[in-house]
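With these hints in hand, go ahead and build the complete structure from the sequences.
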Amino acid sequence: NAGVTQTPKFRVLKTGQSMTLLCAQDMNHEYMYWYRQDPGMGLRLIHYSVGEGTTAKGEVPDGYNVSRLKKQNFLLGLESAAPSQTSVYFCASNTPGQLVTGYNEQFFGPGTRLTVL
Amino acid sequence: DAKTTQPTSMDCAEGRAANLPCNHSTISGNEYVYWYRQIHSQGPQYIIHGLKNNETNEMASLIITEDRKSSTLILPHATLRDTAVYYCIVILTGANNLFFGTGTRLTVIP
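Note that the protein sequences, when read in sequence, are chains X and S.
Heads up: the first sequence runs through residues 131 to 247, numbered per the working numbering.
Heads up: the second sequence runs through residues 56 to 165, numbered per the working numbering.
Just so you know, these hints were derived from the structure itself, not from any lab.
Only true hints are included.
With the Cβ distance kept under 8 Å, some of the chain S side facing chain X (calculated, not the full set):
id: 1; residue: Y87
id: 2; residue: S96
id: 3; residue: H104
id: 4; residue: G158
Built from N, CA and C at the ideal position, the CB exists for glycine as well.
Written as structure tokens, this is what we have:
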């Protein structure tokens, strides 16, 4: 299993350009997430999805859109990139938490490093 | 979700136990303590979790105080590959938001 993969690994954009980040998972997970990580900071949740065709806002959703047309894919779009969106973007996935054990591990991809000039 | 407080950085000699503390004084009764680590800007990796009992797996041990207001992650024999940022996160089962703070940067010294 490849786990969680992200495309591309690196990207440089100019202000105002648009792009889409692709996340794919082969673990048949219901839930998928997009986080961003700024230098020296922890990860912050942008958007997430609890199933195919569903999306929800996280902590920092402004300036981003997402789509979950297929269970295995979660796309993150930037319609008009801004320098403030320069960050490392991580995708993650998991299954619903187990109530008995509390197990709720999220599996993370390797990240996409985005620079907006 | 309850917030957590961790030291910014710690050093540990290779082969010794690394003890990473976390304070979560506002934790509620149905919130779990989770630990993740992030090695050199890779994606975070799950280590261990617990509710109120001490837990151990092949990677680490988690000691939670009786009042559940703090916990300690123990790496019994730290290696250079354990150098990473360690995040302590408190979360309800089934909740989707993992609130990462800035974590503890652990440096294992040869």
